[in-house]
Amino acid sequence: MTAPTPVSDALDRADWYTALARVSDYWAQRTANNGETRCAVHRVEHTARTATSIVVDLALHRVTGRDGYWDQVLRRATRVVARLVRDPEHGAWIFSPGRLNPYNCSNNVIDSGESARCLGTLLIHADDRLNAELRDRIENALRRNATTYLTDAVATKEVTNQRLWGAMGLATAARALCEPTWFIAVRTGIERSLAEQNADGSFPYHPAPERFGIHPGAADISIYYQSRVLTYLWQALEMLGDDASEVREPTLAAIRRGLDFLAATYRPYGTKCAALEGKRWFWAGPYEVGSHPLDMFALLHGAARFNAPRLRALAEQAGSVWRQHLEQMVLSCREMACRDDFICPDFHAADASWLAALILTESPEHTPDGHNRQSPLATPTRSHVDKVANSVAEVRPVCLFTDAGLVRLQTNETIALLRTRKRPANVLHGGGVGGGSLLYVGHESRDWHEVIAPELEKPISPGNLTCWPQRPSRRAALRAFLAANRPGHELRQWLFVVRIRLRQRAPRAAARALWRGWLRPLWHAWDEVHATHWALDASPTLLPVGIQCTVRPARRDGEPLEGVTVRRQVSIEDGDVRVKEEISVEASLRRMLYAVPGEAQVLHTEPAELGDASSTEQDSAHRLDFPRRMLVAPFEALIEYVL
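If you're matching positions, the sequence shown starts at 1 in our numbering and goes up one per residue.
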């Protein structure tokens, strides 16, 4: 059997029920009399997302006993069942719109998997109040969808998280309908997904993009999808029950590795750095918390199964941060036109259903004396934040996740995150920051306030060197750009985003999307700019509380600049993060600058005149522009500072 589900008496806390009630109200207020709920951003009914209100209202009905929530469950279930249609291409029964409407921003396996989970959850938890007619309609819809589509899709879908999305939905339907033969396909999907996990616990967004004509950057990690994969594995195991015997142990081992990696991506105040995101076009801001409900589900299950209090502590903090962002992410949908993130309020509201799923569990976690443990959803105190900060990565001073290139340095007073390895980037996929660059630095004495903010899309980023060759090969650079960013694919995708913004009557947001996604990268390619944070692999050597590595500035696509080398050392000493950059240049350069972080204290420069070089304050960095008289190869320079 799977581990006891980590639910405690704290789930009856008013603040959490209030948050879920607001999500329920969000769905109810936007649902028309005919049951349709149209997205305010994409102007389409996201059936799979709206279906999640079934889980939310089921949980609230269990807690409050109010008939209004049960009525909403029935209305939504009736609507979702009515959305079952045949795919005109292959004839399988799917929950529309799936792939049939591009503005749905989804596909068949996602919509079918999520709809199957929600309808299956209703059957599992419904009492005799579910009338026989609706029950029959739900069962018939699930059987049609499973036998004609999901049983095949969960074994063959190429993207890991999408395959598991379908697998956990099929597993839920199989448990609800007592169809153990469907578990065979679920186990096949799980086994294939486990084989795609990196050894360090991270998952690629796409395990083999080039095989499908997709840019190799899609094989980079995704902090948004990491917990989605883990949560779907937990859900599938729970639904498989005794039928999981063949895959249980390897799945639990994979989940444990995945949770260790997930925990290491967190900053002490409860957010994950967007610089680690491989699916960059989804996000425009420096962090995201939309995935926090799935983080919590995965972390709380892991805390119970593996007896890991640090995971519970992190889940508590993630939940607190999510609640603080609920208004911004979900409830203020009228302001979405002013935001540049691609994810809409319906998507964020749908993820809240995983918190409701915790309430629906039937195995509360108890201490040996029979008393419920402390709330997994409590608001953390200041002392608790410190506890989280110093427990996430098992208090090891250096944690290296080789495949993802993530390095976490920490002492009791200071934490730093770096990235040494990433995939090539184009305008859609691939990490934005690598090359041994600092992603985050925070000190306990300053409430873990971040003192460095990397730039994901710009060639000048704090803590990095940027170079322009003396004789740029503009035509070759443009050809390389267009090879990695095909007008028929990457440009088309950004024009799709532009159309969405224009449909919202948000021309400024449309213009920003076109500039950020296509025009600015095209200009950078024409200018043939190279930067150390665009380098693919810095091959780090570990120090007691730091790393040293060698990196060459590269174009956005990862092509390095010959003749320029940076020997970088980053370490924590006496509570400070100390950075030492030794720069060797054997090529002719048109321009070179180093962006010293705005809050850094420069200790030493060589030659000494470099400290008097022209500089400007911009984008939270002190730009140190090397004078032309110094750009005579060969030459060496040194910059040393503390944060």
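Calculated from the structure, these hints are not laboratory results.
Even glycine gets a Cβ: it sits at the ideal position worked out from N, Cα and C.
Some hints could be false.
[Said to hold, decoys possible] Restraint-style ranges between C-beta atoms, simulated for each label pair: (1) N412 - A195: 34 to 40 Å; (2) R629 - A483: 36 to 42 Å; (3) F306 - P607: 51 to 57 Å; (4) A208 - A483: 16 to 22 Å; (5) N140 - F496: 34 to 40 Å; (6) Q328 - R256: 30 to 36 Å; (7) D340 - A82: 18 to 24 Å.
Okay, the hints, checked on the actual structure:
Taken as a hint, the range 34 to 40 Å holds for the pair N412 and A195, whose Cβ atoms sit roughly 39 Å apart. Distance hint check: the CB atoms of R629 and A483 are about 37 Å apart, consistent with the given range 36 to 42 Å. Evaluation of the 51 to 57 Å hint for F306 and P607 yields a pass: the beta carbon distance comes to about 54 Å. Between A208 and A483 the Cβ separation comes to about 19 Å, which falls inside the hinted range of 16 to 22 Å.
Taking 34 to 40 Å as the suggested C-beta distance range, the pair N140 and F496 conforms, at roughly 35 Å. Here the CB-CB span from Q328 to R256 is close to 33 Å, well matched to the stated 30 to 36 Å. Taking 18 to 24 Å as the suggested C-beta distance range, the pair D340 and A82 does not conform, at roughly 35 Å.
Hint 7 alone, counting from the list given before, is not met by this structure.
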